[in-house]
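J.: Listed below are the residues making up each chain.
Protein chains: 4
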Amino acid sequence: MAMTGILRPGHVQLRVMELGPALHHYKEMVGLIETARDAEGRVYLKAWDEQDLFSIVLREADRPGMDFYGFKVLDAKTLEHYAKRLTDYGVAIERIPAGELKGTGERVRFETPSGHLIELYAQKQHFGNGLPDVNPDVWPDGLKGMHPSRFDHVLLNGDSIPETAKLFQEALDFDLSERIVGPDGSMVGAFLACSTKAHDVAFIHEESKGRLHHVSFHLESWDEIRHAADIMSKNYIPVEYGPGRHGLTRGLTIYFFDPSGNRNETFHGGYIRYPDHPVITWTHEETPKGIFYYGHKMVESFVTANT
Amino acid sequence: MAMTGILRPGHVQLRVMELGPALHHYKEMVGLIETARDAEGRVYLKAWDEQDLFSIVLREADRPGMDFYGFKVLDAKTLEHYAKRLTDYGVAIERIPAGELKGTGERVRFETPSGHLIELYAQKQHFGNGLPDVNPDVWPDGLKGMHPSRFDHVLLNGDSIPETAKLFQEALDFDLSERIVGPDGSMVGAFLACSTKAHDVAFIHEESKGRLHHVSFHLESWDEIRHAADIMSKNYIPVEYGPGRHGLTRGLTIYFFDPSGNRNETFHGGYIRYPDHPVITWTHEETPKGIFYYGHKMVESFVTANT
Amino acid sequence: MAMTGILRPGHVQLRVMELGPALHHYKEMVGLIETARDAEGRVYLKAWDEQDLFSIVLREADRPGMDFYGFKVLDAKTLEHYAKRLTDYGVAIERIPAGELKGTGERVRFETPSGHLIELYAQKQHFGNGLPDVNPDVWPDGLKGMHPSRFDHVLLNGDSIPETAKLFQEALDFDLSERIVGPDGSMVGAFLACSTKAHDVAFIHEESKGRLHHVSFHLESWDEIRHAADIMSKNYIPVEYGPGRHGLTRGLTIYFFDPSGNRNETFHGGYIRYPDHPVITWTHEETPKGIFYYGHKMVESFVTANT
Amino acid sequence: MAMTGILRPGHVQLRVMELGPALHHYKEMVGLIETARDAEGRVYLKAWDEQDLFSIVLREADRPGMDFYGFKVLDAKTLEHYAKRLTDYGVAIERIPAGELKGTGERVRFETPSGHLIELYAQKQHFGNGLPDVNPDVWPDGLKGMHPSRFDHVLLNGDSIPETAKLFQEALDFDLSERIVGPDGSMVGAFLACSTKAHDVAFIHEESKGRLHHVSFHLESWDEIRHAADIMSKNYIPVEYGPGRHGLTRGLTIYFFDPSGNRNETFHGGYIRYPDHPVITWTHEETPKGIFYYGHKMVESFVTANT
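So the sequence lines, in the order shown, correspond to chains D, W, Z and X.
So in full-length UniProt numbering, the last one in the first sequence is 307, and the numbering has no gaps at all.
So in full-length UniProt numbering, the last one in the second sequence is 307, and the numbering has no gaps at all.
So in full-length UniProt numbering, the last one in the third sequence is 307, and the numbering has no gaps at all.
So in full-length UniProt numbering, the last one in the fourth sequence is 307, and the numbering has no gaps at all.
Keep in mind the hints are simulated off the structure, nothing from the lab.
Among the clues, some could well be false.
[Claimed, not checked] Heads up, simulated DSSO-like pairs for lysine-lysine below, C-alpha to C-alpha not over 30 angstroms straight-line:
1. Z:K27 / Z:K102
2. W:K144 / X:K234
3. W:K84 / D:K84
4. Z:K77 / Z:K166
5. W:K144 / X:K27
6. X:K84 / X:K209
7. W:K84 / W:K209
8. Z:K144 / D:K27
9. X:K297 / D:K27
10. D:K27 / D:K234
11. Z:K166 / W:K27
12. Z:K144 / D:K234
13. W:K144 / Z:K297
14. X:K144 / W:K234
15. X:K297 / D:K144
16. X:K27 / X:K102
17. Z:K27 / Z:K166
18. X:K27 / Z:K84
19. Z:K84 / Z:K209
Keep in mind that this is a model prediction, so the values were computed, not measured.
Excised from the complex, chain D in its bound form (with noise of 0.2 angstroms):
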């Protein structure tokens, strides 16, 4: 098929300050499916249209923050691909044994020059979207809180923005979908995607390594939009942005807080991306406008809080 290499963000593991706060609201408010637990206590959940058995795995630890984030690639093959592509690239691999997160094959993992820890793998074991592959409805019953369809993606802090962006596009064929540059014209923002989506990973720079801006869910509509914030509103859910529409990518979007100070998002919408389509850029001047497209004022937390 078209759609070969690296198909799509895979799973991100959350750390979290205490376990409890955090499955009530990724459970009870966002309405992940809890899928398993682990010997080491880390607890797995899925978004309900998602078809392997986790997307997001909770760490219970003292900071909050993201350990690693992976991307599902099409086979086994493809993973030695850009295994070899990365260590041709005069990146170190290292290789995370089949097993280490629950039903998931053998990891390739790497640091990027932002200083974040990226995984590939091929293997994960299926679970279903609740629906049967014969005759399926349109929806599960039994959906809870804010009901995301899948983990989208996420948006890391950390310096290197060029030198990441380049190692993604020219060792794993990411496209470079949309940038922000700074008043002297450099790259501080890379939106990057591996799919038809506006984006599939993106960075943002700020002066220090390896920070987890957000991790964004995607909801079905504006309307689904509408009632993640009401959910947010009745739980005093800290609610940094939105409902709110971002310029780039034109995803209309919702930024939260989980109870460790871990960014969330709930995300609609977004352009399709082929890669004949133009970069697009953001200039200094109306990056505010790009990031907060109602209201053009750049939220002062956005640019100092991440973990």
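Position chains W, Z and X relative to chain D; hints supplied.
T.: What follows is chains W, Z and X alone, placed relative to chain D:
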């Protein structure tokens, strides 16, 4: 990028009985944008968010229907790759010289077992989507009618569905996302994707060859479906079904007709699909629900009217 | 307040063939809340955002249909005012003692020329909408099914439509918002309002008396209409029309049936109407468009099926 | 009809600094329709679905703000009834002769304790909503901008809120639907309705008199709110809050400013309210949630900016 090979539905050439009413329909009602005409009198149209010069070509003729359906591939090398794959598969190909369609490079054409002319091409003149590549807004001013963002797919009627699906899968790397089976278990409907869309082309069986069932345009929301339905009612455009939903693809839909009797669709939604997702099957008994998820009744004209 | 006299549709008593399936339908599918049962076995239900004890009463019987339709009036003095107005108009009234319906004060009942039993009452036990009166959220937790916010109106079939409309206008101070006229110019449909809604009750002609066409429930958005349609499809609830729209009232709609064959409607929208607004007329030729604004085709069962 | 007495917000006269930019804003951006100008240079505008000649009057002046706010009453007799009620209540009334505003009958004007000029009138020239009274479509062609269906209400700032609310309730038969109380339990906000809307006018305390907080326009859906937000962003219209929601009234909202600094609102939703419904109270602690249901943070300018 992961998105390689055959990228997307690129164009369809439709036969219309009279150009005047057809242009009123596709420009003022549907809201496509005219971008060119050629010496043969053909009119070239595009949806607003498409980047290439055209996606719909109207040709005046004495009967309605589809002349051919074209897919854009990544590049010239990919075009030759698939030309060879088709030839190796035993399919005769015809090379249509560059320029036969305005601003379009060489096309490699073949006929499916179902009797449809399908084309691949690698190059088409860039036109843009009415927005700048620097600091773009989320939509351009001046949109008209139902203002779809893109031409999305066609559904074709003919015989030899299993052979046609096999050709798309084996020679062109399409994925089978969903299939309809007849009372005897044979495949009578095939939904095929070259991307993460639920389908980029579909075939449903009938005892003739080369028929067009519908041409589909993508809208941005269920509310735009309502708006499109309002326009159809105000302007006495014949509606066959909808606003409604398909079980197949989960897409929200309206079926309606152009003045020549070609069926159109406005389409929103549909799941995102990856190649490791299961193939969905619709049984004979539940096919009416699969196609007309709201109502469950097979609309008579759905199986009798095509062009 | 400007809002005086007859306030709103307060209740309808429906006959159902079997209470079990009816309760499954109205509670689990439609999403009404059961608030009481009485010694006669009647079950009392309400929509979540209604304040009074009930709006729908189900009575098991050997045929479906409507026993009576009641309007709440402002207060006891208003009830006596309209009792006298009806008597002065020449209409016989019956007084149903307080308590015959749970938690409900005395009802003044009369029969319309169309053969329907209509009631007025001033008092009903308060139940609340699940939200506090201090710092309420925008909706309560625990809503089920299509979760309408209120019982909205009924449409009734019978003869003597002009006489019935005249009674509502002259004795009860309703406004005629819209009317349907037959080929000979006579009124065959009357939409009547006691508020700023486009209608609080409607009558459409047929050659019998006292028939129920449908009971309507108000949803909050076009997206809730879609959600309701999903539920109907998932649960094989028979749908007659929709998601669609009426030209009359502009309301967005689905017509569907309860297990006893009583037609239900989910309804959203409809204009706000003031008494100084013009009466809208639908001619015989355009009545199909007026009722089925999407499609323009008179659905056969619309004029043949009632209870 | 039940709908008698004071019917609805009929007009507001706004002061704008320069007519040119104001007309661009209200006509091209908001999408009001200009229907008349007068010898004084005032411009008369209406929302598309209003029947009367105008609802917004723009007057060029050296400071922004509101000159007066007028309610339409049912008829001349009602006008005299309320003139007497006001006089009996001890409020001085002024009679503005017919014709002072274009096409408008005599107006009875008084000043509220909060320092605002309020008017009642019974007659205004009919203009229509662009749709015929026979077989109308659901909206007319040619709508522009955010195309609200009506002018909905104003929110006013001033002192003496309890006295002002009392006047509306006791002399004008308005209902108090919601109130905000201060730390000491005193009423600092009053939401008042003359219909089944959640409010037709509102007052919030500040230590001055006669200030305008915002003029509100009704949109048809949450999706139209999004569309309006897109227009504001594209055109750099200053947005204060939203798309968001109020806990008070449950309305979906955007606050934005006209070029003179007058605050506008686009508004959708809000519950239907009857006079037998409980009054809702917002405590001091939860007032930020009541006003800014999405976010819970009091926007600084909300309490400092008015005109």
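J.: Taken at face value, is the distance from the CA of W:K209 to the CA of W:K84 at most 30 angstroms?
T.: OK: W:K84 and W:K209 at ~25 angstroms, within 30 angstroms.
J.: Next pair to validate is X:K84 with X:K209; report whether the Cα-Cα distance is within 30 angstroms.
T.: Measuring from Cα to Cα gives roughly 25 angstroms; hence the hint holds.
J.: Regarding the pair W:K144 and X:K234, is the alpha-carbon distance no greater than 30 angstroms?
T.: 18 angstroms, holds
J.: Starting from Z:K27, check that the Cα of Z:K102 is at most 30 angstroms away, please.
T.: 19 angstroms, holds
J.: When you check the alpha-carbon spacing of Z:K77 and Z:K166, does it fall within 30 angstroms?
T.: 23 angstroms, holds
J.: With a cut-off of 30 angstroms on the C-alpha distance, tell me whether X:K144 and W:K234 pass.
T.: Holds, at about 18 angstroms.
J.: Assess, step by step, whether the Cα of X:K27 is no farther than 30 angstroms from the Cα of Z:K84, and give holds or violated.
T.: At roughly 51 angstroms apart (the allowed maximum being 30 angstroms), Z:K84 and X:K27 break the hint.
J.: Does the structure keep Z:K144 and D:K27 at a Cα separation of 30 angstroms or less?
T.: Answer holds: Z:K144 to D:K27 is near 19 angstroms, not above 30 angstroms.
J.: Hey, X:K27 versus X:K102, does the alpha-carbon distance stay inside 30 angstroms?
T.: 19 angstroms, holds
J.: Need the status of pair Z:K84, Z:K209: alpha-carbon distance at most 30 angstroms?
T.: 25 angstroms, holds
J.: Regarding the pair Z:K27 and Z:K166, is the alpha-carbon distance no greater than 30 angstroms?
T.: Not satisfied, since the Cα-Cα distance of roughly 36 angstroms exceeds 30 angstroms.
J.: Are the Cα atoms of W:K84 and D:K84 separated by 30 angstroms or less?
T.: 28 angstroms, holds
Comparing the model with each earlier hint shows violations of hints 11, 17 and 18; every other hint is respected.
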